[in-house]
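Chemist: Single-letter residue listing:
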Amino acid sequence: DGGITQSPKYLFRKEGQNVTLSCEQNLNHDAMYWYRQDPGQGLRLIYYSQIVNDFQKGDIAEGYSVSREKKESFPLTVTSAQKNPTAFYLCASSITWGSYEQYFGPGTRLTVT
Amino acid sequence: DAKTTQPPSMDCAEGRAANLPCNHSTISGNEYVYWYRQIHSQGPQYIIHGLKNNETNEMASLIITEDRKSSTLILPHATLRDTAVYYCIDSRGLTSGSRLTFGEGTQLTVNP
Chain D
1 DGGITQSPKY
11 LFRKEGQNVT
21 LSCEQNLNHD
31 AMYWYRQDPG
41 QGLRLIYYSQ
51 IVNDFQKGDI
61 AEGYSVSREK
71 KESFPLTVTS
81 AQKNPTAFYL
91 CASSITWGSY
101 EQYFGPGTRL
111 TVT
Chain G
1 DAKTTQPPSM
11 DCAEGRAANL
21 PCNHSTISGN
31 EYVYWYRQIH
41 SQGPQYIIHG
51 LKNNETNEMA
61 SLIITEDRKS
71 STLILPHATL
81 RDTAVYYCID
91 SRGLTSGSRL
101 TFGEGTQLTV
111 NP
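Quick mapping for you: the protein sequence lines, in order, are chains D and G.
Going by this note's numbering, the first residue of the first sequence is number 1, and it counts up by one from there.
Going by this note's numbering, the first residue of the second sequence is number 1, and it counts up by one from there.
Rather than coming from a laboratory, the hints here were simulated on the basis of the structure.
Be aware that one or more of the hints could be misleading.
To be clear about the criterion: a stretch of chain D counts as covered by chain G if any three or more of its residues have a C-beta under 8 Å from a C-beta of chain G, and this derived list gives those stretches [said to hold, decoys possible]: (1) 34–44; (2) 96–110.
Over the 12 Å line for every Cβ pair with chain G, so calculated as not near, a few chain D residues [as the list claims (entries may be wrong)]: (3) 9; (4) 13; (5) 18.
The structure displayed is predicted, hence computed values, not measured ones.
Think of the CB as a built atom: it goes at the ideal place given N, C-alpha and C, for glycine as much as any other residue.
Please put together the full structure from these sequences, using the hints given.
Modeler: Structure below.
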């Protein structure tokens with residue numbers, strides 16, 4: 001089955017620690033995205049990648065970093081510089097950048113205490 | 001920002017059709033209407049999109065009015081698993097950076 005996987009589903013970290021969230025897709029999509037969703041809120045774009053070896057900051061990139069060394073993988077690192085890291089993190093992909101037909105993974109719920 | 005309006009909640013009996021309305025009165029000629037849904041604690045799921053013709057896929061049908069100011073998403077035989085928040089959005093063109101922005105959406109509850 002084609003799709004997007006994110007792991008782990010739940011993640012707990014102590015304040016001050018960096019943590020990396022995994023996102024893998026086997027849809028052969030060029031574009032990938034990271035969104036953050038807070039309780040009762042909509043989606044906010046953190047980073048996006050139009051194609052392998054490229055990525056761009058979204059609306060709330062401070063305190064986050066990404067890489068796109070392989071077409072299938074777009075990991076997100078939440079650094080200790082992110083002031084409010086506790087959130088639901090969603091990875092998505094689309095055939096090309098610019099498409100609103102995006103396919104999402106199941107999400108990772110990160111709790112930092 | 002989303003420029004669509006939807007009712008905050010709707011109920012539907014299991015097995016019946018669920019008809020979810022959306023107003024997008026400021027939509028321009030080249031903007032598509034997209035529908036997504038989000039089941040509690042899961043990632044959003046793309047459902048369908050259209051420009052001006054009615055569209056149908058394995059999940060749903062999309063009926064767009066002739067003036068394109070509103071549309072209706074139809075789930076022909078709703079099941080309990082269709083309980084979710086449904087979002088109607090309009091695209092802002094390819095220059096917007098593909099940012100998906102959801103409004104308040106409609107909480108659809110399918111009852112047994």
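Chemist: Which of the numbered hints above does this structure break?
Modeler: 3
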